[in-house]
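Peer 1: Read off the chains here:
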Amino acid sequence: DVKVGMITTLSGGGASLGIDTRDGFMLAMEGANRDDVEVVIEDDQRKPDIAVQLADKMIQSEKVDVLTGIVWSNLAMAVVPAATAQGLFYLSTNAAPAQLAGKGCNSNYFSVSYQNDNLHEGAGAYATQAGFKNTFILAPNYPAGIDSLTGFKRFYEGELAGEVYTKLGQTDYAAEIAQIRASGADSVFFFLPGGMGISFLKQYADSGVDLPVVGPAFSFDQGILQAVGEAAVGVKNSSTWSKDLDNEANAAFVAAFQQKYDRLPSIYAAQGYDTANLLLSAIDKADVNDDAAFAAALKEADFASVRGEFSFAANNHPIQNVYVREVIKEGDVFTNKIVGTALEDHANAYVDACKM
Amino acid sequence: MSTILIIEQVLNGLQSGVMLFLMAAGLTLIFGVMGLINLAHGSLYMVGAFAAAAVAGATGSFVLALIAALAAAALAGAVIEVAVIRRLYDSDHLDQVLATFALILIFSEGTRWVFGSFPLFLDIPDALSGPVTLPGGIQYPLYRLALIGVGLLVAFGLWLLIERTRIGIQIRAGENDREMIAALGVDISKLYTLVFALGAALAGLAGALVGAIQSVQVGMGEPVLILAFVVIVIGGIGSIKGAFIGALLVGLTDTLVGIFLPEVLKLFMDAAPATSAGSSIASMSIYILMSLVLIWRPSGLFGARA
Amino acid sequence: MSRETLFNAALLLGLIAVPAWAVMTDEPFTITLATRAVILALAAAGLNIALGIGGLVSLGHAVFFGIGGYAMGILAHHAQSYTPLMEWPLVIEGTKFMPVIWLLAVVVSAVAAFLIGLMSLRTTGAYFIMITLAFGQMFYYFAISWSTYGGEDGMSIYIRNDFPGLNTLVPIQFYGLCLAILVVVLIFTARLRRSPFGLALNAARQVPARVEAVGMDPMRLKLVAFVISGVITGLAGALFADLNRFVSPTMFSWQFSGEIMILVILGGVGRLFGPVAGAVTFVALEHFLGGITEFWHIFLGLILLAVVLFARGGITGLVAGKEATHD
Amino acid sequence: MSFLSVKSLTASYGVSQALFGVDLDINPGEVVALMGRNGMGKSTTVKAICRMIAAGGTLEFAGQNLHALPSHKAARLGLGLVPEGRRCFRDLTVAENLLATSRPGDWDMGRVTQLFPRLGERHSQLSASLSGGEQQMLAIGRALMTNPRLLILDEATEGLAPIIRQEIWSAINRLKQDTDMAILVIDKTLAELEQVCDRAVMLERGKTVWSGAMTALTPDITERYVGV
Amino acid sequence: MTETILATHGITKSFGALKASNDISIDLRPGEIHAIIGPNGAGKSTLIGQICGSLTPDAGRVELMGQDVTSLSTDQRARAGLGRTFQISALAMEDTVLENAILGAMGASGRSWRFWSAALGDRSLRTRAEAALERVGLAENVTKRCADLSHGQRRQLEVAVALTLAPKAFVMDEPMAGLGAEGSKNLTGFLDSLRQEAPILLVEHDMDAVFALADRISVLVYGEVIATGSVDQIRSDPRVREAYLGESA
Ligand SMILES: Nc1ncnc2c1ncn2[C@@H]1O[C@H](COP(=O)(O)OP(=O)(O)OP(=O)(O)O)[C@@H](O)[C@H]1O
Ligand SMILES: Nc1ncnc2c1ncn2[C@@H]1O[C@H](COP(=O)(O)OP(=O)(O)OP(=O)(O)O)[C@@H](O)[C@H]1O
Ligand SMILES: [Mg+2]
Ligand SMILES: [Mg+2]
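Keeping their order, the protein sequence lines are chains A, B, C, D and E. The numbering of the first sequence is this note's numbering, which starts it at 1 and goes up by one. The numbering of the second sequence is this note's numbering, which starts it at 357 and goes up by one. The numbering of the third sequence is this note's numbering, which starts it at 663 and goes up by one. The numbering of the fourth sequence is this note's numbering, which starts it at 990 and goes up by one. The numbering of the fifth sequence is this note's numbering, which starts it at 1218 and goes up by one.
Pulled out of the complex, with its shape left as it was, chain A reads as follows (with noise of 0.2 Å):
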């Protein structure tokens, strides 16, 4: 039997992502309907301290062999090197830090998400398809933010208008809008998950500024689109997954989830199932006490992903395809529609500084 520990988050701020991620994850598993895999599901309230108290308390008092579900790169980097320094398996859904990727890579540890960096570079290669010559960038000023400018700046080939790091957790972005109005800028490119992310595009379309825009799909998931409203439609953004991928594992999963939650899933939702499924299937080839065999089986990805190819790069992070998707209205609801591949067979710029 193979018992699974998903730590996440389920209350305060960032609940929908974790609830997401969970939810996506329970389908998969329900869906297998099998009794040998046992999931423990607890909320990390978005505290790394109590992240790893939640991993400590599912390696000693459960006893669980793999662990997964952390939405958050810090959270993740406080969990993930000490759990995989105890001989567990972790399976990332989400988060995907640089550290993990390169020297800090591990063969228990595998990124089923993708490797932090390539939505950016996304939109990066995105922007320069599309002809951008003098864009401007901005980010919160912090590992991540700092991360993503960087993934953006290495497919990116014109010029940069402005770099700006704003405060984490900014709310007003009138400042920066201005910036960007002076800036003599063709295009603005911008990484603000969460509620920054919405409130700087409501204030960006009301500000009548109307230089293209292009972001990671954080910013435009299917949870938080219907607080942005109007001021997202049009708006192109990068991702590795979107409810329209034309595969057949995705549209069944677009409709079981819709008909379990009566909601449309979003990109954790997808990442959760694609997780499971993937555990699911090495769970069949391996034993998960024999760890190399696990790892694998794991390699192997042998399993039908919503994202249609799907195999793991030298440091067990994704190759996989990054889509442009532009943001539309579906009657009352506003979602995303594919409107291009920005990448195609993408893995990350990690693979050679992992020594595994």
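Think of the hints as simulated: they come from the structure by calculation, not from any bench. This one's a predicted model, so the numbers in the text were calculated from it and none came from an experiment. Each hint should be verified, as a subset may be incorrect.
Stated by the list, open to error - Estimated spans, in silico, between C-beta atoms of each pair:
| # | chain 1 | residue 1 | chain 2 | residue 2 | range |
| --- | --- | --- | --- | --- | --- |
| 1 | A | Y261 | C | M748 | 51 to 57 Å |
| 2 | C | A852 | D | G1201 | 52 to 58 Å |
| 3 | B | M625 | A | Y261 | 48 to 54 Å |
Said to hold, decoys possible - Anything over 12 Å on all C-beta distances counts as not near chain C; from chain E, calculated:
| # | residue |
| --- | --- |
| 4 | E1220 |
| 5 | S1242 |
| 6 | P1247 |
| 7 | E1249 |
| 8 | D1285 |
| 9 | S1367 |
| 10 | E1399 |
| 11 | R1433 |
| 12 | Y1439 |
| 13 | A1444 |
| 14 | S1447 |
| 15 | R1458 |
Where a beta carbon is used, it is the ideal one built from N, C-alpha and C, also for glycine.
We have chain A; now place chains B, C, D and E with the ligands onto it with these hints.
Peer 2: For chains B, C, D and E with the ligands alone, kept in the frame of chain A given last:
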């Protein structure tokens, strides 16, 4: 950097200051005037925003949404005053801290329970959307100008209430000595319930107004709460004028330091470290401002007491 | 023996009995949980000296907690990556040796507390609350953007640090170490409260003018109390980091300062065992309520509210009666 | 039934009982002195009358049972308190202190500043920075501004210059002549009390031990209960 | 020139437009009680504040035992030998009577920096505190919490705390305020005996006490000393009668 941009940023700073004042106004009333540390003020702000979003979603009317925000927050305020706060005026600040912290937990998770975990939608009314052109060719969102107007009105109204009416005098007297003012014939309990409801309504109003250009989500009140405390402490507790000046100072500092410090630093160092150092310092700037003000004047700019 | 003394003794016995219980019921995690409670109690015991005796309502104690945490994080990080902490003017290597880490935590916390106290103590009441919060926020934002040590992501340490004669990786041993430190600090606090310094500090909280008029400087008394308080909380921070084998800027956050304060208030301000009662209750509530419902914060809130409204003087007050005992 | 009627009044601070049976009556137009050594329960009696602490026994004023009323309602029946230790509202100006609790009637700002010109001169100063005596005048003025029917002066002349004390005593005398305000006075100077009071009530250890006309007060009694 | 214990030289202090102290020079000689009287708001407490260091004079000097203490802080002046009582009792309300007295003893003996031994267990502190309480008549109340004392008892404690300092000079702001007739009488007797230990600068409105005690009286009006002299001189001074005493003398 052009003069126009500098003017525009100063305007942005002032505007964000006025917006801050709107948030701080209710808190000044409750904290400054009634002497109650109300950590749950941010929750009332959230209640206002959620009530507005719910009503706007159902009716499509922004005016109704504002009314709903005022009413819901005032009601919530009155209820918690009668059920909880009233028993805490005589105890020290610390019990108030714990109780209102507990209220935050209840309000936040209660809201999530009722409205779910996803942010809600609340938009600017059509009549106020889009930018207008100011003299000098500055494009400025009309809604933000409207916010400035409302903020100024609230400031003036509150100042009148506290400094110029008998009720204001009684409220302040009650803060000094509740037992004594009651012994002289003033029904201070009822007065305080009213004041608390008024403060809560102002928080709710701020939540609704600001919610239209920000994200209406659980936990939205907490960062605002800290900022509002910073504002009224800089201005001096108990002073409406102080809160107003404090809000403008904080708004200007926050906006201008964030924009200009990286530019200034670029004169001395490379672009990349200048940007990151600049924005690091910028995120601390209002706290640095507050400590400097307090080190210089230990009871704020307009604080009455030493 | 007063009821408070009995209650305190029961609490202490309970903490000593935890490992036995954990072994018996085969719930090793209970020890980790208890360790967390003990370390938080230590942090709160630190604050209790400033808050309970000196009346200094500091909403910035996370500063010291964070400093303790980063002292551990930085030293251990350099030790595990074999890079020196400093090469000039003298070479300083990282270390995994707890006593050295604690020394650093204590010294840096003391310096920080001294400087913050010096600047903050000019203010009183809500102003003091806010200026200490301001310093907390400065440290918080600094830590977030301090990319050398992980910025917002923080730092992971793979193996718990060493203490001579103990295997700290064994939960019981680490727990014992933390509990011993807590007991030492409580004994110190108990003596301090009755000492001339404690008496003077207590009076400086109530009537500074009187204290001045009998020839003592209330400011200096408070500053010393603030430093002692910061040092203890700093030490707790180092232990907390070691418990989690992880440090991050959240240790500096105002929410954390608030949480430490909540522990003190919940347990009973100024009561010797107040911080212990508060921390144990809080950790237990957090642990057990979390299992019941997704919306457990509501119940936590209601319980805290009940404590404020019906138990003046926190849990200790509820159990042991209203007034602090004088003898 | 008297205007103010207090019988077998008891009261405690937490576990320690302070009043064990105080009897006291006042009628309109009467000035009564409440006397006793330090700590005998004079101020506690006053606090009980003003409903500032819970008490047992009979407590009636103007035909109403005071026990049934909260402090502010009791005050509105016409109790005007000048408390021990002044207790001015520190952060209010002199004028604001007077206005905060005023109720309509004969006493208004003009009449109070006429009685205490010093208050007029300082009318926009914060009361916290007033001199001790000025604060005392303010506390009396504040009570008068509520236009009470029973004025209670707890150590109202404490800390005042002799010349001002004389003014206050003569003001009380005038009140007595011109109005039918009842006045309860606690004060330590026997000679001055004798000038204005009709009756005296002596407290010892929280109990009424003597009461009678001021003129019936013999040196014997005062020696026994107040030590002079 | 007679030896002086405490003296002010030309002290001046303004609050805005108000001159609360105007060029005040007074002194206190060994063994004497020097009373300061004057109308309410004349500046008596302001003068005391400047002597004790809680207010800084705009101009002028304060000397204690011939040493200029103008730039010393309140606590330094207390250690230099100034014992004061407050017009409004300043006591640690939550503490017991004994603890309040010990506080004074501690300050006087410089033992506030002890962190380990119990304050109440310190023999010498305790003896000193108890002796002072005994002298003001609070011996029976040593274990009472200060908050449970009546107003008058607090005034007694206020004096006792100053006593524990064994100061070179006492500065008392209305020590009789709030004391009953008997209490005033007792305290008058007590102060009379105290002057042998250290001279007293006494601000008081209780004229019976002042006339019974004072060796010299200074009269302060609108921040200025308008007269200094013996009891008889002051009593018969028409300006003093007009400004302060009224008919009472
Ligand atoms: N707040 C209080 N808490 C507890 N006990 C008190 C309190 N106030 C007064 N007492 C006690 O109650 C008794 C009566 O006090 P009260 O103040 O009524 O005396 P009093 O006659 O007014 O004396 P004084 O002339 O000194 O003002 C005293 O023994 C005192 O110790
Ligand atoms: N901080 C201040 N700001 C403004 N005015 C002040 C301040 N402190 C005192 N005063 C004024 O200075 C004058 C002198 O006050 P002080 O307290 O010295 O009088 P006093 O002689 O002690 O009177 P009393 O006998 O009534 O206690 C008063 O008129 C008072 O209002
Ligand atoms: Mg009394
Ligand atoms: Mg005075």
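Peer 1: Evaluate each hint against the coordinates.
Peer 2: So, going through the hints one by one against the coordinates:
{"no.": "1", "hint": "Y261(A) with M748(C): 51 to 57 Å", "in the structure": "54 Å, holds"}
{"no.": "2", "hint": "A852(C) with G1201(D): 52 to 58 Å", "in the structure": "57 Å, holds"}
{"no.": "3", "hint": "M625(B) with Y261(A): 48 to 54 Å", "in the structure": "51 Å, holds"}
{"no.": "4", "hint": "E1220", "in the structure": "24 Å, holds"}
{"no.": "5", "hint": "S1242", "in the structure": "24 Å, holds"}
{"no.": "6", "hint": "P1247", "in the structure": "22 Å, holds"}
{"no.": "7", "hint": "E1249", "in the structure": "22 Å, holds"}
{"no.": "8", "hint": "D1285", "in the structure": "18 Å, holds"}
{"no.": "9", "hint": "S1367", "in the structure": "18 Å, holds"}
{"no.": "10", "hint": "E1399", "in the structure": "26 Å, holds"}
{"no.": "11", "hint": "R1433", "in the structure": "25 Å, holds"}
{"no.": "12", "hint": "Y1439", "in the structure": "26 Å, holds"}
{"no.": "13", "hint": "A1444", "in the structure": "29 Å, holds"}
{"no.": "14", "hint": "S1447", "in the structure": "30 Å, holds"}
{"no.": "15", "hint": "R1458", "in the structure": "34 Å, holds"}
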